[in-house]
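Novice: What follows is each chain in one-letter form.
Number of protein chains: 2
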Amino acid sequence: MVTASSGSRRTPRSRPTLEVSVLRVGHRPGRDPRLTTHVALTARALGARRMYLHPSDPDLTERLRAVGRRWGGDFEVVPADEWKPLLRSFDGPVLHLTMYGLPLSRVLPRLSRARRAMIVVGGAKVPPELYRLAAYNVSIGSQPHSEVAALAVTLVSLLGLPDAGGMRGARFRIVPRARGKRVVERRERP
Amino acid sequence: MVTASSGSRRTPRSRPTLEVSVLRVGHRPGRDPRLTTHVALTARALGARRMYLHPSDPDLTERLRAVGRRWGGDFEVVPADEWKPLLRSFDGPVLHLTMYGLPLSRVLPRLSRARRAMIVVGGAKVPPELYRLAAYNVSIGSQPHSEVAALAVTLVSLLGLPDAGGMRGARFRIVPRARGKRVVERRERP
Chain A
2 MVTASSGSRR TPRSRPTLEV SVLRVGHRPG RDPRLTTHVA LTARALGARR MYLHPSDPDL
62 TERLRAVGRR WGGDFEVVPA DEWKPLLRSF DGPVLHLTMY GLPLSRVLPR LSRARRAMIV
122 VGGAKVPPEL YRLAAYNVSI GSQPHSEVAA LAVTLVSLLG LPDAGGMRGA RFRIVPRARG
182 KRVVERRERP
Chain B
2 MVTASSGSRR TPRSRPTLEV SVLRVGHRPG RDPRLTTHVA LTARALGARR MYLHPSDPDL
62 TERLRAVGRR WGGDFEVVPA DEWKPLLRSF DGPVLHLTMY GLPLSRVLPR LSRARRAMIV
122 VGGAKVPPEL YRLAAYNVSI GSQPHSEVAA LAVTLVSLLG LPDAGGMRGA RFRIVPRARG
182 KRVVERRERP
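Going line by line, the protein sequences match chains A and B.
In terms of this note's numbering, the first sequence opens at residue 2 and continues consecutively.
In terms of this note's numbering, the second sequence opens at residue 2 and continues consecutively.
What the hints contain is simulated information worked out from the structure, not anything from laboratory work.
Remember, predicted model here, so these are calculated numbers, not experimental data.
Treat the hints with caution; some may be incorrect.
Since the list gives no way to pick out one identical chain from another, each pair is judged satisfied if it fits inside one copy or across any two copies.
Listed below are the simulated DSBU-like cross-link pairs for lysine-lysine, each with C-alpha atoms no more than 35 Å apart in a straight line [claimed, not checked]:
1) Lys182 x Lys85
2) Lys85 x Lys126
3) Lys126 x Lys182
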């Protein structure tokens, strides 16, 4: 469920103890990286702790590190050339997002006690093993759409809407405005 | 707020009377259309009625029409070569999604009586007029991420999670499953 925050920096998330990781499989380095970049930025902005990336892509890892240097937080893109052992040894429920899965609303209640969850986001071709290795195959609407959208809805359903307070260690912070843009830069201490 | 549906075909949406349109500005036809395709598929799957597209792109309009022939519903991609008059004459609140805007949680309560809403999704460069023409500049988290993610979260917050029952007139329908894929094809009447 979405729990609306007040937008204040100190509003706790609805599930402060749930640590969410994302695994992106089927990335194609060298081809247009924009969709995987959107997956990673969405994971970061909506509260995931890290994104495992298969196959690894040092450029993308570095690009997200640069985002963190500017905008804060400790999100990281972790190379995952072996994703099956990663899922087998993961200490929490694994949710695989697929248009063929069960409705998210039916799966959410089963996750209420989890401390860690892994959300798996497929690319163009999804290895069939993924369906077996996931505890839950989960769909947002049983229609074709977008892995970015499915990830976003799942994260907000698990963690609530993100607050607007900026992330720890940010060099830049947005001041929310009704019109226009306002970004403040943190001053270094003299 | 998200209202979880039971996944049944007949579960009413939380706001059945709200009709949502999406306007995508700054699309670049001929370049990689995948992001705009994701925006359109997300709009359709999460309950928007139509997506206006600026500039127009007949290929993309046709591609979404083909999706509708297979998967049902009456979503359409409408060419919008003149987007400013469209926004000026729109009979309802216009929400422009931007990382610089006000938190969605602060804007949602102001929309509770709207019958129609327009969600504007920018591309790489957003015309400054958009900030003025929108009733609300809205951010999901005040962080850089993805217009697909922002649209998805906004639609689910306005309309609730989509149900899994398939759309009207669909030729194919997914039967949600815990494992694997099941798609049924509607038989034509003899």
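Novice: For Lys126 and Lys182, with the copy left unspecified, which applies at a CA distance of at most 35 Å: within, between, both, or neither?
Specialist: Only across copies: Lys126 and Lys182 sit 14 Å apart there, 39 Å inside one copy, limit 35 Å.
Novice: Have a look at Lys182 and Lys85 and pick one of within, between, both or neither, based on CA distance no larger than 35 Å.
Specialist: Classified as between: cross-chain Cα gap 20 Å, same-chain 43 Å, threshold 35 Å.
Novice: Regarding Lys85 and Lys126, is the shortest C-alpha distance of 35 Å or less found within a copy, between copies, in both, or in neither?
Specialist: within (16 Å within a copy, 40 Å between copies)
Of the numbered hints listed earlier, not one is contradicted by the structure.
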